[in-house]
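Enquirer: In the numbering used here, the protein residues as written are 406 to 500.
It should be emphasised that the hints constitute simulated quantities derived from the structure, not laboratory data.
Simulated restraints on C-beta separations: (1) D412 with F462: 47 to 57 Å; (2) S484 with L460: 33 to 43 Å; (3) F462 with D413: 50 to 60 Å; (4) M437 with A496: 34 to 44 Å.
The beta-carbon is built from N, C-alpha and C at its ideal position, and this holds for glycine as well.
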Amino acid sequence: MTDRTLDDVRHSVLDRMERGERVMRLSLFGSMALEALMFVAAFRLIDWDNRVHLLIFLFSVFSYFIVVLGLLALAGHVSRSAARVIAAIEASSSR
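Please build the complete structure, drawing on both the sequences and the hints.
Expert: Dropping the structure here:
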């Protein structure tokens, strides 16, 4: 491959990655807004005097919190792995 073709491939891949990141961020913020709306709805519908309602609400929030922590750990792992791949690519291109 010539240098020009290789640069074109790199630019197209980077453009696709940026477009994918924009879509991911938009869907993330949309899902955050939907989750906040559902949380407010659940918060308003709970009968706070009923212990069963309170218990179900607390356990659902706790289990959801565990899922969120797992997703944050996964995001950290993916970011670290991507940084290692980028470092390896940069090291190989400097030769």
